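Please arrange chain B on chain A, whose structure you already have, making use of the hints.
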Amino acid sequence: MRAGARRYTLVAAAFLFVLLLRALPAAAVTVTPVKSAGGVEAWLVEDHSLPLIAIKFAFGNGAGLDPPGKEGLAYFTTGLLDEGAGDLDSEAYKARLEDLSIRLSFNADVDATSGSMRMLAANADAAFDLLHLALTRPRFDADAIERVRAELVSELQDAAQDPGTIGSRIFWRTAFPGQPYGRRTRGTQATVAKIDAADMRRFVAEHFGRDRLKIGVVGDVTPEKLRELLDRTFGDLPARSAPDIIPETAAVDAGAYFLVKVPVPQSVVIFGERGLKRDDPDWYAALLLNEILGGSGLNSRLSAAVRDKRGLAYSVYSDLYAMRHAGMIVGRVATRNDRVGEAIDVIRAEWQRMGEEGPSEAELAAAKSYSIGSFASGFDSTEKLAALLVSLQVENLGIDYMTRRAELLQSVTIEDVRRVARRVLDAHKLRVVVVGDPPTLLGAHEVPPDGG
Amino acid sequence: MRILGPIVIAGLLVGVVPAEAGQFNAESFTLANGLQVVVVPSHRTPAIAQMVWYKAGAADEAPGKSGIAHFVEHLMFRGSKAMPPGAFSRTIAENGGRDNAFTTEDYTAYYQTVASDRLELVMRLEAERMHDLLITEEQVKTEREVIIEERRTRIDNVPGSLLAEQIDAVLFLNSHYRLPTIGWQHEMRGLGADDARSFYQTWYAPNNAVVVISGDVTVERVRELAEKYYGPVPAKPVPEHPALTEPPKVASTRLEMTSPRAANPYWSRSYLAPTFIEQAGRPADVATVLAELLGGGETSRLYKRLVLDKKLATSVGADYSGERNAGSFSIYAEPREGVDIGALEVAVAAEVAVLLRDGASADEVARVKRRLQEGAIYDRDSLMAPARIIGASLASGRTLAEVEAWPDRIGTVTPEEILKLARDVITDSTAVTAVLLPEKRS
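Protein sequence lines correspond, in order, to chains A and B. This note's numbering puts the first residue of the first sequence at 1, with every later residue one more than the last. This note's numbering puts the first residue of the second sequence at 453, with every later residue one more than the last.
Next comes chain A alone, as it looks inside the complex (with noise of 0.2 angstroms):
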């Protein structure tokens, strides 16, 4: 399979512009607020095409919060809420949800702790119910807890050994030293092993409240019997959960350049540096910036130089990530061993033109054009637009934001995205991790891998 093989020509751009001349249709999807009588609040998209219901939804904290000593806590309790609640211990539990084909699944990663679940229409209450048991009733039952231990210390033990992540954690680590979003969300053996039922406990206790609650629903279910499957499940959840205490932060401002010594035939090689968060005003120039450097759907700047111009890679891309108290743009590129000195010179080059000069109005073009019709077709599912409504209350977008997303990046000018790369991109600040075994590297500081 290719990822994200694209090339730039200017040969092909006379033809597009022809095509981008007729308007792209805007999502077709209507999101309807919904509240329960308890004042539990859902945005819902109703489809009765299909007789199946998905419904995402996210609390306000996450791994971030996780104690000091305790990492991994969010994320190791998330593994125990589907193995066991109520009357039902984790065998039971199991055997009703796939009885009944209902896909549930929880998860946290540094921002929120969420959940998704999937189900036929006709097992709606019997589903929710089942969910309600899981948030207010989890038993933490001490076999499921070292079964589950067990599956996450393997868990760690694999990343471990993977190249891509150990050059992760280093650059996370070494760009937000001591601080919430330098630290591992699934933990370190040390940690999870000292993390009990009572923390789990004082997890759900503390976290799980509706203050911040965010769901989206989509599928074959009425605004009427939404509001009393919400109250039902989440109606008696505390109406408080325990206070964001991440500071506003930014990631340390200098580049760096790591090598860490893995037998393996292919280096990975993380970089990147501070971006942008979600509520900046330049967030959408960034995002159509980083479209045209490194993104996915266009062939990219980088993807162009690496693959395409020089069979470096199969795959090289760029991505914002926008945590709720930092921004940073993140890339990586996976290549042989006696060439990734050349590939990071090109990726530098790349970065730093792209900084200096910005890219061409038929770069910008393009990448609107893809940005804006591209948009739709990646929420085909039930499951993915339910996902897609809960991030945008999280981010605070408004519920006509997929009417007004167009508009929202037609409007971004040649020089907004120009002062964002100038902004943002600095070639000399970049944080560079190779994973692999290159014969050498040029000025790589040499660092062992951390710690499983």
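Worth flagging that the hints you see were computed from the coordinates, not collected in a lab. The hints are all genuine.
With the C-beta cut set under 10 angstroms, the calculated list includes, among others, these residues of chain B facing chain A:
{"no.": "1", "residue": "Ser494"}
{"no.": "2", "residue": "Pro537"}
{"no.": "3", "residue": "Thr565"}
{"no.": "4", "residue": "Val566"}
{"no.": "5", "residue": "Arg570"}
{"no.": "6", "residue": "Lys593"}
{"no.": "7", "residue": "Thr594"}
{"no.": "8", "residue": "Glu595"}
{"no.": "9", "residue": "Glu597"}
{"no.": "10", "residue": "Val598"}
{"no.": "11", "residue": "Thr605"}
{"no.": "12", "residue": "Arg606"}
{"no.": "13", "residue": "Arg713"}
{"no.": "14", "residue": "Asn716"}
{"no.": "15", "residue": "Gly749"}
Computed, partial: chain A to chain B, Cβ under 8 angstroms:
{"no.": "16", "residue": "Lys94"}
{"no.": "17", "residue": "Ala95"}
{"no.": "18", "residue": "Ala150"}
{"no.": "19", "residue": "Asp158"}
{"no.": "20", "residue": "Gly297"}
{"no.": "21", "residue": "Asn299"}
{"no.": "22", "residue": "Ser369"}
{"no.": "23", "residue": "Tyr370"}
{"no.": "24", "residue": "Ala376"}
{"no.": "25", "residue": "Ser381"}
{"no.": "26", "residue": "Thr382"}
Quantities reported herein were computed from a predicted structural model and do not represent experimental measurements. Glycine included, each C-beta is placed from N, C-alpha and C at the ideal position.
Showing chain B alone in chain A's frame:
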């Protein structure tokens, strides 16, 4: 071949065969040049997915040319007579679309998702590269480095993937499924423009392809555009697929791989199994239910015994994989820390032996079947999944009617069939057992 006018098209519409009500309610027609077109109308979002499936994959490669099918897939994005290198994906992106492709043993598929008013564009672009691909030495030289990097990313850097490659190489004695789809690296290095042209010219033809369009369209509109763009692509003789089937296995094999890059031990046991297409897929359906019952999810027999009761494993599963000329059934497990891999192997075998001795109860089978059938409803909840499921089946040699009837057929699988298939397939005297061990470094 001439392009049919609208009046003729209207007349041909009579020939559209609506499949019986089934999982996807898809409709299908075939153009005069032999191209099969399947339409799955769904009007939830104003978007469509197009998937073009060529019945050509790694199993069709000439000896010594492993990886050429996948290499051609890459070169399909590197220019045709109508499109300069890279312009294909760029045009789709500029129109707000996403595109990609993948290659397997039996077929190669290309796909796009775009707003429904861009259907004509993506059909025109795919029709062009169905017959006018331009393969130059310059493109081959760079792209060959890209696929070798892809191999390093997917296989060489991942101990489990390296072991999986070795398992296939000994499980399959005769068929091309012995070889990795991405290719052995030493053979990939030798792949040239002539090899790519030869593979493309031999296998890429409308009469060896299936187009599936899913989403906000009507059959009439697809028919009209298919006649206009795919209709003129000339049919050509396409050879039979190499009929390399498997002889009976008579010996068991053990593979052991020790790697400094492996964090945790891993155990698997693989068996030859029925093909995906024999007997209209009945054995494949039975094998699917068997795999789910034995190792699907967290209520399966293996999970209950190995993970919950005996606490020997952190994960366990079973999988059936069927191809056009062969199939495989495998069971796998990861031991919990400190558990001897030999003890795990004995425990897995003991649980499997219980099934082989007693079979499964009607109630247990009914629960598993209902879960699989209800899973088929979830398969309709996206643009791509229906196109993927239908295309993969048709490209492997199954019929649309068989795909549509899948949930009903699963419902008729009996405990007796499961027991018989399990006893036929799960024979440790001919199995391939593989162990991945971490190399303890001081």
